[in-house]
Amino acid sequence: MKKSSYIYTAVIATVFIECAIALTALPRSTESELEKRSLAKFPTLTADSLFNGSYTAAVSSWFSDTVPFRDEIMEQSMTLKNAMGIKSSLGKKSSGEGDQDIEYVEEDNVSFVATDNTIKMVDDDPDKILTPEEMMQDTTAHEDEVDAKVRFATSGIIITGQDSTTRAMSTFHGSAGSGATYVGVVNKYKEMLGSKVNVWCMPIPTAIEYYCPSSVASRNKSQRAMIETMMTTLSGAKGVNICDVMAAHKREDIYLRTDHHWAPLGGFYAAQAFAKAAGVPFRGLDAYEKKVVPGYVGSMFGYSKDINVKKNPETFVYYVPTGVSYTTTFVTYFIDEEMHVTGESKPFQGSFFKNYKGNNAYLNFMGTDCTLVKVQTSTHNGRRLLILKDSFGNTLPGYMFYSFEEVHVVDYRYFTKNILKYIDENGITDVLFANNTFAVCTSYTSRSYSRFLTKAGGYTPKPEEDKKENADSVDKAKAVADTSKVKAQEPAAPKEEKVPEPVKEEPAQPIEKPDTLA
Amino acid sequence: MVFSDLFFLFCFIPSFILLYLAAALADRHFNGEPNRIKNLVIVFFSLIFYAWGEPTYVFLMIAAVLMNYVIGLWLSKSEGNARKAALGIGVALNIAIIGVFKYASFIAGSFSAIGIPMPDPKLALPIGISFYIFQSISYLVDVYRKESPAQRRFSDLLLYISMFPQLIAGPIVRYDTVAHSIKERTVTADDLSEGIFRFMIGLGKKVLLANQFSEIADQFLKTGADTLTTTGSWVGILAFALQIYYDFSGYSDMAIGIGRCLGFKFNENFNHPYCCDSITDFWRRWHMSLGSFFRDYVYIPMGGNRKHQPLNIMTVWFLTGLWHGASWNFVIWGLYFGIIVMLEKFTILKLKRKPAVLLHIYSLFLVLIGWGIFYFDDFSQMTSFFRTFFGGAELFSSFETGAALTGKFWLWIVAVLFCLPIRKWFESLTEKFKGGDALNTAVRIAASVAICILSIAMLVGATNNAFIYTRF
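So the protein sequences, as listed, match chains A and B. Here the numbering used here is used: the first residue of the first sequence is 244, the next is one more, and so on. Here the numbering used here is used: the first residue of the second sequence is 52, the next is one more, and so on.
Honestly, the hints are just simulated from the structure, not real lab data. Any given hint could be a false lead.
In silico DSSO-like pairs for lysine-lysine, Cα to Cα no more than 30 Å straight-line [as the list claims (entries may be wrong)]:
1. Lys246/A to Lys475/B
2. Lys483/B to Lys245/A
3. Lys403/B to Lys246/A
4. Lys245/A to Lys234/B
5. Lys246/A to Lys396/B
6. Lys245/A to Lys401/B
7. Lys173/B to Lys246/A
8. Lys245/A to Lys316/B
Using the sequences and the accompanying hints, generate a full structural model.
In structure tokens form, the structure reads like this:
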């Protein structure tokens, strides 16, 4: 027997025991800052879950999801994966490095494609022929990035650039006709609201439309094509096409590099275009105080798992109006883990702009998506605006205080009342649909908006409604995909956006127990 | 449960070790049989291990073992024709179990496809059934041939069949190789050190190599199938070849390693298969326990090379294919190799001077085509893949192929290197000089610690981690 066998066994046993103690005895992680989500919970035991194997599977994934120092270990793991590559000089277009987990069809799109049985989503519209103008647009969109390093990360995310130009973007897979259902709902709103209320439709393109390198252009579809089709099929409702506006400013920081959202500056140009179309007053950026949050790393890091995104934070800049006085009233929704509304707070006043630092800076507009916001401004022009939006739309209301007497903000996921009644009771004169193109393509968005029209109030659990609607198309895959709808609505949106405490304490907000429960 | 799961590594294994050590103390203290309580602990943990993934089918496995236990006793008590009948019934029952749970849907589907309607029972495949049923058959045949006496104790037979290291993905351990160790076995420090190192090698193969190549293979062959280019199809199938080798041989390494630590010496399952110089040679190096099972229990009983050899060969390869899965592509895959092996008998195996380099290229090329058949259980996908593979598509895509190769450049290099018998070379080198043992130990320690830590990093938050061969 060799002495070395004893030495080897002793050393490895020691290392193993230390690892085992570290992984089992230290406090477990509960939340991931990296991926901005709550980690798996220890499952509850039922006879069913025990015998179909889901309980034991959940215990295993709970254990690996919640290991102590999870985020730190994950970061090391990403660095490691990044190091497997070589700096390549295979040519300008083909150089790639880093995590090469290419998936051509983005996870999110898979789910929204699958949930939708009414419109064509996956394929290119074969009938679509690019106009010369569109082709021009395409080339101009790509020219800046031709030399950039391009690589795929997980979930169909493309990473371009390096150092301070690193940008992570989700590829778009909708076709020219993908906005049809959404436009149908917008038209329905117009039809039901009649001539007294203006209905506006302003689809928001995402970053990939402007910064997609030509080497991967075949993996990405034109959002402009879809938006232009939408504009021509609106009836009664009016379109605001911001594609050109955004293209004109693409050299400015109108999109966040490390987040799936646009930057507040992009929202400013869009708001300007909307104000012009709506014929309301609008003030330039000199009427705003510029606020700067350094060191911002957005959601795309957790989604792409590409360490370069984390290593190259950006500066988050947002604008707070100074020449207008306003009061903001919130109704906060209580939601369960599946994001179903289970109750709501009494209205309370708070400040529209929050004071989040670091990676939560995008929460500075109203703090969360699951709230109903009403802003009364010192402007008096008889115009009252309702914005129907996803989180892209969160940047918009802050630019509208000079333009409207009242600005109401409703998120398409959380609204418990009847929207027609709400518009009527609040004397709304203008309704603005402001969703990003990914949400436009998601059938859940349209379904949710049409539900608003018939809602009687209260908190009908969503899954049952969905099941009814899907009953016609009993396709298991679709039903499964439907459960991921919350994830599908935005490009690589975090499953559950954590709402951490603001850095600077807000005036105490009287969040009360829900007073009405269905 | 799978080996490359943090829960297995850091909850299951530590609890098992603690109880096993306590059992060892108890065995010594009560001075009875040397391994009585230890064996019970292995059985207990094996059942938990299996039930973790198959909480209902664990009862099927126990029932199958009980059945084989009874038949084994019957075999041992009878002679002549009764003995033959007992074996026949036993084997038939085992085949019936695997037939129902693994092949019923396949058979029903095949009959329906040719116009004979048959209801599909829609049974889920029990994990590892192919392995434990084959071990059961091995037990019955070995008892029949009097190579080992029948197991008198049910829990010890259960131990042989259900032993968690090899339960769900092999190697297929023959009863006569472990029958003695169940009763009496010793573990030396050499065994421990070798067992732990083998386990670590296997863990590294699975987590650090196979899991990475599975991403590349799926990227080209699954998600990117519509836009596959010829070079892409080559990169994809190469990645799959590396994935399946490191996945399966990694599992075997871990199984053999754990077995060694417990005092069981399982036979080797892989011997650097991609170093083969013919397809015949490949199959002597790949999944050796399956090959020897079919050789000893099918090929030779059928007459081997003494009578109707071609029929014997094709039967074995048909079964080899079918064993891998209830799908026609696996059958084709098996027959494909059967035909090549048969042709080789009359051609390259007769060569006196062998052009080594050419033969290696020839073998690897045919193996790659084999993996193409193996990967696609959908025939239209398979044909479109092979059309692309042989040049019937755009030849080169600048982006994906280059990115897959350069983006994981070091991974490819390491993976290709470790297909060679590097460990053997290194160890024979270190044996030659003084202090070589110390160097060898230092390298082993460094490699093991690195694998342990890197694997933890890779496994945190990981999904999609299952071993390919647990499906078979």
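Next item on the list: Any hints from earlier that this structure breaks? Give me their numbers in increasing order, please.
Entry: Violated hints (numbers, rising): 3, 5, 6, 7; every other hint is consistent with the structure.
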